[in-house]
Amino acid sequence: MTLDARIPSGPIEQAWDKTRFDMKLVNPSNKRKHTILVVGSGLAGASASASLGELGYNVSCFCFQDSPRRAHSIAAQGGINAAKNYQNDGDSIFRLFYDTVKGGDFRAREANVYRLAQNSVNIIDQCVAQGVPFAREYGGALSNRSFGGAQVSRTFYARGQTGQQLLLGAYQALERQIHAGNVTMFPRTEMLDLIVVDGQARGIVTRNLITGELDVHFGDAVLLTTGGYSNVYYLSTNAKGSNATAIWRAHRRGALFANPCFTQIHPTCIPVSGDYQSKLTLMSESLRNDGRIWVPMQKGDKRPPSQIPEDERDYYLERRYPSFGNLVPRDVASRNAKAVCDEGRGVGETGLGVYLDFSNAINRLGEHTIRERYGNLFDMYQRITDENPYKVPMRIYPAIHYTMGGLWVDYNLESTIPGLFVAGEANFSDHGANRLGASALMQGLSDGYFILPYTVGNYIATHKFAQVDESNSEVKSAVTGVQQGIDKLLSIKGKRTVDSFHRELGKIMWDGCGMSRTAQGLEKAIGQIRALREEFWQNVTVPGSGDDLNQSLEKAGRVADFFELGELMCIDARERNESCGGHFREEYQTAEGEAQRDDEHYSYAAAWGYGGPDGKPVLNKEPLEFHYVHPSQRSYK
Amino acid sequence: MKLTLKIWRQKGPNDKGKFVTYPLDDVNPEMSMLECLDVLNESLIERDEEPVAFEHDCREGICGSCGFMINGVAQGPQPATTVCQLTMRHFKDGESLTIEPWRAAAFPMLKDLVVDRRAFDRIIEAGGYVSVSTGNAPDGNTIPVGKEIADRAMDAASCIGCGACVAACPNASAALFTGAKISHLGILPQGKPEQDRRALGMVAQMNTEPFGSCTNIGECTGVCPKQIPLEVIAHMNRDYWQASCREREDLVQTIAPVIGWSNGAKAKS
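Quick note, the sequences are listed as chains A and B, same order. Under the working numbering, think of the first position of the first sequence as 1, with each following residue one higher. Under the working numbering, think of the first position of the second sequence as 638, with each following residue one higher.
Just to be clear, a hint being listed does not mean it is correct.
Stated by the list, open to error - Computed cross-link-like contacts, DSS-like style, restricted to lysine-lysine with a CA-CA straight-line distance of at most 25 Å: (1) B:Lys643 with B:Lys655; (2) A:Lys495 with B:Lys655; (3) B:Lys648 with A:Lys493; (4) A:Lys488 with B:Lys655; (5) B:Lys784 with A:Lys555.
Everything labelled a hint here was simulated from the structure, so no lab data went into it.
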């Protein structure tokens, strides 16, 4: 398949403006005749639904939780970047664009990233107008803070709850459109298949999670804004319900999946404390501004930290990277933590943890300063671990957090299925091989408020839509397929629970396709996943029926899709014979142990076509060209 | 440690429901309350019994999905903590925990510990927003907002919509929830143009739902996992009173509560 990203020609600074002026519009009185389906109600989905509703389209929005406000965008802590340059420290749209492309290790599409930086300033304006309570200075202006090792102070925040406040702004705008009759909300409704008629995305098959009823919803465009797939690893910072089913079923219908192996591991999360652990809790990256990371010099040293003298401590990031020290990027910090724990020098009961120590900062700045900066984070840590981080070092360990990969989209955020648009973490486009901190919130809102309303409108204005209803054969076969899938899961009545399979899959993925990958390890993981998937379909047990609220059945369907996606991630990682960003292949590293890119052979986005449940996925390459930010080797020494 | 869980089981809205006792022998004090239920559910599934249905998602105390009564206290015994973040070390070996869902007429029962909280979304729908459409916002620094105003608005905006306030209130009033949103937006300059309409609309919707009335008891703020201050109720009352003097209440339209879930159309395969 030839991939046409539809990147506009001409200078990048004018590309988006030019595109918008060239786009076709839908007459105001015709907009209400068009129905648009939005799956997922997070930042991207709620903002898109609200904006399209405001324009007059007839929108149906779906989420599997009890309310659109539960979307996992709500949990983001740190902040949202924007190139406002309020701090007069040299920030600009171009600098944000540059930082993002470089941070992505030169594996993102320049045009998309420039537009993201451009829209960032409008996002802040929109959120302020909605009443998002951003932090303010005494004089009344918006506050900023530094984040993620960037050299400018460009992050806007609302205490430690920026994600919640941004999402509530979008959710409230969505509720306003529901009140106005432009949006119909379908909570507790899960999309289980995409309906494609004559090559166009024309609807979805859904399951009502309370009654079990299957429904079909028709539209002229379908928008998938369903978030990321970190839960393939079982233990991640995602919500328990976060899943890849919507994008995976679309993938099976023909939407290419790009760069699935580009996953981000966040270095500072609370470590696992036992087998029953259900998820990993993120501790904001800002902590690394004042904390020092260390492990004991000696293997197997189980002394309490207060009894380990300074000369028996290994501040390994400061030792290996003198100029960046504890503020190396996420992928570097994570790999180093894993390495020292694999050597047997990890701390805590499980040996999978490293210390993040604030004693120096407390001595230097006083406890009150640290409390002011990090109070709510220290409280959360204490609530969960019952340890006081003002007195003993925090224990942290890396955890899967974000997925840069996702469905392939062009400059209009349209996938390879006409009429199927994908936005937010669910798509692959803006972050390359590594996402910068405080940029995920930015991307979801940029896509939903400021891109989709134009590009979806243009699609509708330039296409014809034949009548589609339940009598179409494609519709009938989609519904039959979904029903059969549900019946199958309920009928197996094996001996193992869904969670036990999910945990085992997560471990295979973490060991074989985690922080550090080898061709051999990936081959082994693929074999293990296939065997486990076969066992799942013979031996899983799903209690209850399909006719009422059945959380095990919901989980089973999602885990079934994770098997297939996990295998594709391993195949993608094995195919990409280089290291870049979060994808580290041990065979391709510099003498100092850093990621070594191969721009000559791998400067492309790997867009995979579905090969069937036992077939081989087909690789399509979108070559990436860098005209404005010249690829260089990342070094932090 | 050993614990005895007495959990409310109810197959559906029309089932009478009852408490069922589950002894747990090997509870790790580091577990969260929900992880404890996960372990119980795994053993129930392995015994071919239906697991306990309960809502949850983020498991970090911010989405508001989770919540139930533990020994009569909404969200359990720890202040400012949701059940997903409540660790079992707060309980004693041998203790008995009675676990039941939010009890309120405005939160119809669905199954086991899962209730229907769409009344909260309808209250927001009735005015919990600033009417500004995408694309016509002025620069963010155009409207100065003093630090103290921003901080007070943030205090009120922290509400996660879990419903503990309703469950703890002897009257099952939604005053804290409604007051929180009215305060958040009413304190900020962006919310001023609609301050009256918002108060009238949201209070009218709150009263249309079968919540009880607020009689200033204060259980709500005591159990709130985000410690929303009681002042938000005073703020709501004041905004509502002023608005009633200035606007016609009879022009307010409310949204009819919906109980059912089936939207009729069944897909034919």
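Each hint, compared with the structure:
1. For the given pair, Lys643 of chain B sits about 10 Å from Lys655 of chain B by alpha-carbon distance, which is consistent with the 25 Å threshold.
2. Between Lys495 of chain A and Lys655 of chain B the alpha-carbon distance is near 28 Å, which puts this suggested pair outside the 25 Å criterion.
3. Taken as a hint, the Lys648 of chain B and Lys493 of chain A pair is honoured in the structure, with Cα atoms around 21 Å apart against an allowance of 25 Å.
4. Under the criterion of a C-alpha separation no larger than 25 Å, the hint pairing Lys488 of chain A with Lys655 of chain B is inconsistent with the structure, at around 32 Å.
5. Between Lys784 of chain B and Lys555 of chain A the alpha-carbon distance is near 45 Å, which puts this suggested pair outside the 25 Å criterion.
Of the numbered hints stated above, those contradicted by the structure are hints 2, 4 and 5, listed in ascending order.
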